[in-house]
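Enquirer: If you want the building blocks of each chain, they are given just below.
2 protein chains.
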Amino acid sequence: MATPDVRLEHLQKAAEVLRVVAHPVRLQILQFLEGGEKTVTEIHTGLDLPQAYTSQQLNLMKSKDILASRRDGSQVFYRIANWNVLKIIHCVCADSAGETAQT
Amino acid sequence: MATPDVRLEHLQKAAEVLRVVAHPVRLQILQFLEGGEKTVTEIHTGLDLPQAYTSQQLNLMKSKDILASRRDGSQVFYRIANWNVLKIIHCVCADSAGETAQT
DNA sequence: TTCACATATTAAAGCATTCGCATATCTTGA
DNA sequence: TCAAGATATGCGAATGCTTTAATATGTGAA
Numbered sequence: 003m004a005t006p007d008v009r010l011e012h013l014q015k016a017a018e019v020l021r022v023v024a025h026p027v028r029l030q031i032l033q034f035l036e037g038g039e040k041t042v043t044e045i046h047t048g049l050d051l052p053q054a055y056t057s058q059q060l061n062l063m064k065s066k067d068i069l070a071s072r073r074d075g076s077q078v079f080y081r082i083a084n085w086n087v088l089k090i091i092h093c094v095c096a097d098s099a100g101e102t103a104q105t
Numbered sequence: 003m004a005t006p007d008v009r010l011e012h013l014q015k016a017a018e019v020l021r022v023v024a025h026p027v028r029l030q031i032l033q034f035l036e037g038g039e040k041t042v043t044e045i046h047t048g049l050d051l052p053q054a055y056t057s058q059q060l061n062l063m064k065s066k067d068i069l070a071s072r073r074d075g076s077q078v079f080y081r082i083a084n085w086n087v088l089k090i091i092h093c094v095c096a097d098s099a100g101e102t103a104q105t
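From first to last, the protein sequence lines stand for chains A and B.
Residues 3 to 105 in the working numbering are what the first sequence lists, from first letter to last.
Residues 3 to 105 in the working numbering are what the second sequence lists, from first letter to last.
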């Protein structure tokens, strides 16, 4: 019995989160962080990405509350703040993985 | 123990599907189709969208195998073909809904 | 303060998406 | 065949995203 407009707002916000997640590099980072928090250096060397580029993606995801960060000295640790995005990844990876092969 | 490259391919494909889903109108259409197949007219009048625009979005999602269609006379019925996208929607809606209010 | 390391910011070029509009195609009934 | 309803297609301007490169800032040690 709710007006459809209420849902539109939800969908708007949902789409916003999805749009950020819908990117190969950002998906890669999120998977990498599934094992626990990591520094920027660990991420950009571990995934072989330029430092500045990595920092940009991290900050983008942080601005959408998908990631959170913690500073320790000169290093900054990033971690997953919105674990629903991980569920999303598992859904969509189960999807494309299910058709091609198993891990 | 797999090379990371194998996963990159997956992520690339996953991101592609996600990018199509990550759009308010397309999310709206997908939710609308959750109840079962509907004609283009039902969709575009039900959601108050221009017909041509609706058809474009439907065809885009069909081209990515998210939707499938069936013709019956002059009408075309669209239905969800990839039910994983529905799971995705539920994840991301549970997310944004959980923080604001319940229905 | 100065150096070296870690991280963040900014600008810009190239490319893709969005969405409205006009119009084309397809289908059925008269 | 013609008209009308249902669906699809092509075009284009505005907007947004991606990515690189250069550079700035922040931190700790000497």
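Check each hint, because a few of them may be wrong.
For identical chains, the list gives no copy identity; a pair is met inside one copy or between any two copies.
Claimed, not checked - 20 angstroms max Cα-Cα, derived SDA-like pairs, lysine to any residue: (1) Lys-40 - Gln-14; (2) Lys-40 - Asn-61; (3) Lys-89 - Leu-10; (4) Lys-15 - Phe-34; (5) Lys-40 - Glu-11; (6) Lys-89 - Thr-43; (7) Lys-15 - Cys-95; (8) Lys-64 - Asn-86; (9) Lys-89 - Asp-74; (10) Lys-15 - Gly-37; (11) Lys-89 - Ser-57; (12) Lys-40 - Ser-65.
I should point out that these hints are in silico values taken from the structure, not numbers from a laboratory.
Enquirer: Which numbered hints are broken by the structure, listed smallest first?
Expert: 1, 5, 6, 9, 10, 11
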